Amino acid sequence: MTRQIAVVAFAQSDHRRTTDELSEVEMLMPVLHEVLARTGLRTADIDFTCSGSSDYLAGRAFSFTMTLDGVGAWPPVSESHVEMDGAFALYEAWSRLLTGEADTALVYAYGKSSPGPLRDVLTRQLDPYYLAPLWPDSVALAALQAQALLDAGDTDEHALAAIGARSRADATANPHAQLAGPVPRGDHLVRPLRTGDCPPIGDGAAAVILAAGDRARELCARPAWIRGLDHRIEPHSLGARDLTDSPSARLAAERAGAFERPVDTAELHAPFSSQEVVLRKALRLGDEVCVNPSGGALAANPVMAAGLIRIGEAAARVHRGASDRALAHATSGPCLQQNLVAVLEGDPR
Amino acid sequence: MSKEPVAVVGIGQSKHAAARRDVSLAGLVREAAQRALDDAELGWADIEAVVIGKAPDFFEGVMMPELYLADALGAAGKPVLRVHTAGSVGGSTALVAANLVAARLHGTVLTVAFEKQSESNAMWGLSLPIPFQQPLLAGAGGFFAPHVRAYMRRSGAPDTVGALVAHKDRRNALKNPYAHLHEHDITLEKVMAAPMLWDPVRYSETCPSSDGACAMVLTGRAGAARAPRPPAWLLGGAMRSEPTLFAGKDFVSPRAGRDCAADVYRQAGITDPRRDIDAVEMYVPFSWYEPMWLENLGFAEEGEGWKLTEAGVTALDGDLPVNMSGGVLSTNPIGASGMLRFAEAALQVRGQAGEHQVPGARKALGHAYGGGSQFFAMWLVGAEPPER
Chain A
1 MTRQIAVVAF AQSDHRRTTD ELSEVEMLMP VLHEVLARTG LRTADIDFTC SGSSDYLAGR
61 AFSFTMTLDG VGAWPPVSES HVEMDGAFAL YEAWSRLLTG EADTALVYAY GKSSPGPLRD
121 VLTRQLDPYY LAPLWPDSVA LAALQAQALL DAGDTDEHAL AAIGARSRAD ATANPHAQLA
181 GPVPRGDHLV RPLRTGDCPP IGDGAAAVIL AAGDRARELC ARPAWIRGLD HRIEPHSLGA
241 RDLTDSPSAR LAAERAGAFE RPVDTAELHA PFSSQEVVLR KALRLGDEVC VNPSGGALAA
301 NPVMAAGLIR IGEAAARVHR GASDRALAHA TSGPCLQQNL VAVLEGDPR
Chain B
1 MSKEPVAVVG IGQSKHAAAR RDVSLAGLVR EAAQRALDDA ELGWADIEAV VIGKAPDFFE
61 GVMMPELYLA DALGAAGKPV LRVHTAGSVG GSTALVAANL VAARLHGTVL TVAFEKQSES
121 NAMWGLSLPI PFQQPLLAGA GGFFAPHVRA YMRRSGAPDT VGALVAHKDR RNALKNPYAH
181 LHEHDITLEK VMAAPMLWDP VRYSETCPSS DGACAMVLTG RAGAARAPRP PAWLLGGAMR
241 SEPTLFAGKD FVSPRAGRDC AADVYRQAGI TDPRRDIDAV EMYVPFSWYE PMWLENLGFA
301 EEGEGWKLTE AGVTALDGDL PVNMSGGVLS TNPIGASGML RFAEAALQVR GQAGEHQVPG
361 ARKALGHAYG GGSQFFAMWL VGAEPPER
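Protein sequences, first through last, are from chains A and B. Residue 1 is where the first sequence starts when you use the UniProt record's numbering, and the numbers rise one by one after that. Residue 1 is where the second sequence starts when you use the UniProt record's numbering, and the numbers rise one by one after that.
There could be a bad hint or two in this list.
[What the hints assert, rightly or not] With beta-carbon atoms standing in for the labels, derived distance ranges: (1) 347(A) <-> 21(B): 44 to 50 Å; (2) 228(B) <-> 288(A): 50 to 56 Å; (3) 21(A) <-> 18(B): 27 to 33 Å; (4) 169(A) <-> 250(B): 52 to 58 Å.
[Said to hold, decoys possible] Stretch-level coverage of chain A by chain B, calculated; a stretch enters the list once three of its residues show a Cβ under 8 Å from a Cβ in chain B: (5) 18 to 26; (6) 166 to 175; (7) 228 to 240.
If you are wondering where the hints come from, they were derived from the structure by calculation, not from laboratory data. If you're wondering where the values come from, they're calculated on a predicted model, not measured in any experiment. We put the CB at the ideal spot given by N, CA and C, even for glycine.
Could you put together the complete structure from these sequences and hints?
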């Protein structure tokens, strides 16, 4: 019998265009305090800690050592770090809880995009021999994907605009969102993508607590049980991929059991409106599914934390009874290269 | 639920060198991974997931290089995790991979760690800009030298112990065809005559900067039964972290290291590490860390570690061989260095360590550390599967 693990608490910062006055530690600390306070746990009660962040955003090596200070790792803690979105840190923590070696885990992620030119920084993710020397930026690559969708007849510019408008309208109910309310479609940033199709650039942090079995029930009135969790990667070269589809997201969803029963909610990590089109198709999400009620990444996209926030937002809806079965998705790499899918459920009411 | 026992059935490493200009990053990781698969007599299709680790992305100038390396590692359609826990990362990466098998998420996992330090200057890559750090701490040696001095003062160890370690490890490396440094004409006198770099650490007592990769194939009971060569069984594994700096921090013998070792010994049923463990491969980037870690890991009482080194106990033919491969002092692709330690421990209990084999090694410890002596990863592997 597989151990049942749940998300029992979630907290996030207010996401902002710049946080010049805050270090990464100062940005993260209130979030850690809040997520611990939700469960009444202290750092010393946590069996395993795992975080996700990027040295390239922080502009220094071993940047995660600073935030470990924020955790208060004394006495020493059992701890690990992935140079990935926090959703993948959650995966590592979940696998650890599955073995029975830990009953509780703290997962956190943070990213400050404001200190550098993010579009340039993200080009450093690309093949260093053939692609990176050309500095193709993240918006341009997403625009290639959007154009492929238009060419395939999978969407049109009005449908893309509607995704942006819906996301920012929904974000008015999300006090942490960076971009909410009526946002103009704007000019083309890189054709066919307009500013309204693109995520805001900003800084933010998020944290989640996982707990196993009865411990989860003690810590949360309605735990968000992780019924399935899987992630898959695709080849790096865009030329080797069909950009209008996401076979890795579909496979991850299949392995996570997402297709066994319909979900009522989906939090998708789709930084560009066009990527929601790809993911809806790959994940077989119909119009009856409530997609990105938080506003999604189009309302706040703190790099390295935005995927974990999707899991946190989906879990929070289960916690408060707004969802019984939710899908959460996180992505990494150019044009949705790597995708993670979690299926979360609440106990029957 | 019970955990799946984890076995190491394939081990591979690249030839390590100051600059591997003959291969790209992808070629380097592929070299190690292919050797691990060959050792396990498995193909790329047999691998269900890939866990990759390396130290700061600045060393190669590639942000999250696992995205680009997915193709080279045959990972399309599979899960890829990228671990980064500073210098301990090679060890942590192996432990994360082992956990995927232990949790029965995957049957067979490939784990890889690498660094291609010739792409940049690691010393300056590790020297943080002001205001994050004071301007006098050039490189890792500048950070660790005062802690070595503190150990010497505390233990009363004679000045010569560091040179003994360096001489031993560099000579062990002569038996390891993959090692970076092969100093055929090394003598103790030459080690002691080398220029002082970060007092009390001489140039000859410092790790090199290497290009290299290490890979292992990890699997469960069923995979081990099919393995062509004897597996190494994971008997205990743990990670511990503590803050970089705080009042009362003991840099000489950090508590996180002691706690990590205690956790591993508890899992593996080790009550007397000196007696129960046959060989140790520990992370010694500066010679003096051998006696320091001997104490931190419980092989010697506090202040007594240097006596083991001085008495030859840690030599390849000693009672407790340490760093049979030549260690970090002979090969240091930083991100891979921890995994090389774990892999050497596994090679020893498999009886596959070639000329640097410790005869009859049944239990071996692999150890890695990183950051400001704050991140620890260890595993204890044995020739026999765990009892439970």
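Each hint tested on the structure:
1. 347(A) <-> 21(B): 44 to 50 Å: violated (59 Å)
2. 228(B) <-> 288(A): 50 to 56 Å: Given about 53 Å between the Cβ atoms, the range holds.
3. 21(A) <-> 18(B): 27 to 33 Å: violated (44 Å)
4. 169(A) <-> 250(B): 52 to 58 Å: For residue 169(A) and residue 250(B) the Cβ distance comes to about 56 Å; the hint holds.
5. 18 to 26: violated (count 0)
6. 166 to 175: Coverage by chain B is violated for the segment 166 to 175 of chain A (0 residues, Cβ < 8 Å).
7. 228 to 240: Since 9 is at least three, the answer is holds.
When held up to the earlier numbered hints, the structure conflicts with 1, 3, 5 and 6 and fits the remainder.
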